[in-house]
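Let's have the full structure, built from the sequences with the hints guiding it.
Residue numbers (my numbering), protein chains in the order written: chain Y, 1 to 411; chain A, 1 to 411.
Hints listed in this document are in silico derivations from the structure and should not be mistaken for laboratory results. This structure is a prediction, so every number in the text was calculated from the model and none was measured. For every residue, glycine included, the Cβ atom is placed at its ideal position computed from N, Cα and C. Incorrect hints may have been included.
As the list claims (entries may be wrong) - To give a feel for the contact side, a few chain Y residues facing chain A, derived at Cβ under 10 Å:
1) Tyr30
2) Val51
3) Trp63
4) Phe101
5) Gln121
6) Tyr129
7) Gly227
8) Ser249
9) Gly250
10) Ala259
11) Phe260
12) Ser279
Protein chains: 2
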Amino acid sequence: MQLSDLTQRDEQDPLASKRMQFELPQDTIYLDGNSLGALPKASAKRVQEVVSQQWGNDLISSWNKHQWIELPLETAEKIAPLIGAAKDQVIVCDSISVNLFKLLTAALAMQTGRNIVVSEQGNFPTDLYMVQGIEALLGEQRCTLNSVATADIESALTEEVAVLMLTHVNFKTGRIHDMQRLTRLAQDKGILVLWDLAHSAGALPVELDKCNADFAVGCGYKYLNGGPGAPAFLYAASRHHDAIRQPLSGWMGHTSPFAFDEAYQPAPGIKQFLTGTPSVIAMAVLDAALEVFTDIDMYQLREKSVALTDSFLTLKEQQAALDELQLISPVDTSVRGSQLSFTHQNAYAICQALIDHGVVPDFRAPDIIRFGFTPLYLRYQDMHTAIEILVKVMSEKLYLQQQYQVKAAVT
Amino acid sequence: MQLSDLTQRDEQDPLASKRMQFELPQDTIYLDGNSLGALPKASAKRVQEVVSQQWGNDLISSWNKHQWIELPLETAEKIAPLIGAAKDQVIVCDSISVNLFKLLTAALAMQTGRNIVVSEQGNFPTDLYMVQGIEALLGEQRCTLNSVATADIESALTEEVAVLMLTHVNFKTGRIHDMQRLTRLAQDKGILVLWDLAHSAGALPVELDKCNADFAVGCGYKYLNGGPGAPAFLYAASRHHDAIRQPLSGWMGHTSPFAFDEAYQPAPGIKQFLTGTPSVIAMAVLDAALEVFTDIDMYQLREKSVALTDSFLTLKEQQAALDELQLISPVDTSVRGSQLSFTHQNAYAICQALIDHGVVPDFRAPDIIRFGFTPLYLRYQDMHTAIEILVKVMSEKLYLQQQYQVKAAVT
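Rendered as structure tokens:
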């Protein structure tokens, strides 16, 4: 594979013009959109408008005038098609962690006589931590985490299990779970299924309704490009809306918040999952970011994502200097998300050296270098440049330099 | 009281120059800073910097380079002196509702054998709703809300009570509770005390440490001017940090989030109250807004607040046309926050007519007109203008016009 092959693919890329919708730093190949998506120009514009005009000038009247009150649903309506959710099943609010708490406690309450939450070792820690928090709060007789090896998930699905909670695409390896199959297997045993879409939403097609998923949560700041710490989203299938009751019953989830009744009465439908007053600024930034997706076919996006990871891997394998980097992502593209992860004992320092030379991956303890591939703003030719720099870092052992060894607070 | 008296007070006002630090709309007297504070110029500047430079250009590296990871504590350190809290007891995160959930569940767990949460009828609904959510989740034998009339609070403090949860300044009437006395009375019975400072923080001096408060929550978007839906804050007295365990145990509250351990281990101290990834943009806006307070003496601010409400009330009482407006805030300034509330059967329409004529109060169902007085950006002369317009609206019965009767989504 040559640079010319890649520039040719760029010329033919139907998504090529999407790159123009982002502000991207000069001389940087950003392979960390799976940790923090790049800045959409629409978000930079919207934040100005919301802060200076809406807040600054229209002040409190903006809740009506600029429909701030509708943002959690309006923003969610832009996410719904990306995750295969029909209308009125998605809402934007809080963080993934808080939304997991709402859904897990509510799902456990629906599952009389069952107390086990099955999850996976190697899942993103916050998912496991939230179950542990619920376990400590409710006691083991009402909630017990059973975190099993990937190979043991299916056999763990017994009739004592209340909830199966999995992350669709693993944050370390990029491995994709078979959502349809696992949802069906679990539901056959009466288990409710909760998917974490942190590394899927905006990166690959997700079919929540088609898979008959019960619940899902997802992240606004990764592939949806909603800005650092953007609000998260929550999906609950409509069939559950009447039966469910979540315990974080704040005023924004009340059926009539401005009546100031003293008894909580949940709003009908998905709005019952709101809790406190959401950050309008943060949500508006995410809302604007989602404009990039309005004309996107997620299957076409996925095609480019696969082609990008494949190109990167092919180029990597052509370089003996990169043999030390051990792939831990699946080779089979059908079960690989929009990322490639490699292990190396100097992973941290390699990441730092790469960043210093204009290629931005991230490090995941203890020894993983993670490259994320965002089809919206990456070019095929970037794969070539990134590999060139990676070869330089590895062959010249630049990562052994002292300045790359010092660990920062966030790694 | 004449306009000239008021302009003279403006000339002598040591806080007069603070008004220059805000972007304020032309020809508007904004008496709703207790619902949404005005835009500080520093926030408008900071949001640009965070979005365009930090996010847009420095991307993921900003978590270290611009110390995003430190924001929840750094922003909290600016709030701590305003609420009388020594270092390391305050953190900025989530919403008031979510923070109430953390503190209430944690406090209940500390109070073996006690299950009652005493609160007050007429408290802000979300406070009551969150207890109701916990009651439904844990069962009445672990949590029961006892919401009593204001006059019955003291007699409700028995040895069955686990937590006393009160809002320091009532959102409807502006009545201030005696924090020191109530905290002491409750603690004499072994009760933990949780204060909601939504209408106090930034409006009047609060002395959490001095009053020996156990816990508190507060709002970023009212008197702290942190923007619509700004993150909230949480206070937990250091003496509780070792014993307490909150159930929303997300990765940001882990002692070592980037180690990606699978077992939750709370961070020491106040950081254990973090849950998910916070909105950096929203928090940075609040952080910048707090710069306005760096040289503020809260006792001096309180003096102006009292003088503003007193001027407004004196002017109001000089006008027979305003007799129909019934004061429901205390007359005694020592127990009155930075607001004045009046009832009238046409309260909603009166608010709308006032807004249309350049004076912005807010409506609180069913019949309250609420005027908030923010000493940082209001002038004494504004009291005169506001009363003039109020007289016009009332004497000409402008509120009876059709267009002021139509209720908006947020009222």
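Here is what the structure says about each hint:
| no. | hint | result |
| --- | --- | --- |
| 1 | Tyr30 | holds (6 Å) |
| 2 | Val51 | holds (5 Å) |
| 3 | Trp63 | holds (4 Å) |
| 4 | Phe101 | holds (6 Å) |
| 5 | Gln121 | holds (7 Å) |
| 6 | Tyr129 | holds (4 Å) |
| 7 | Gly227 | holds (5 Å) |
| 8 | Ser249 | holds (4 Å) |
| 9 | Gly250 | holds (3 Å) |
| 10 | Ala259 | holds (6 Å) |
| 11 | Phe260 | holds (5 Å) |
| 12 | Ser279 | holds (4 Å) |
Checked against the numbered hints listed earlier, the structure breaks none of them; every hint is satisfied.
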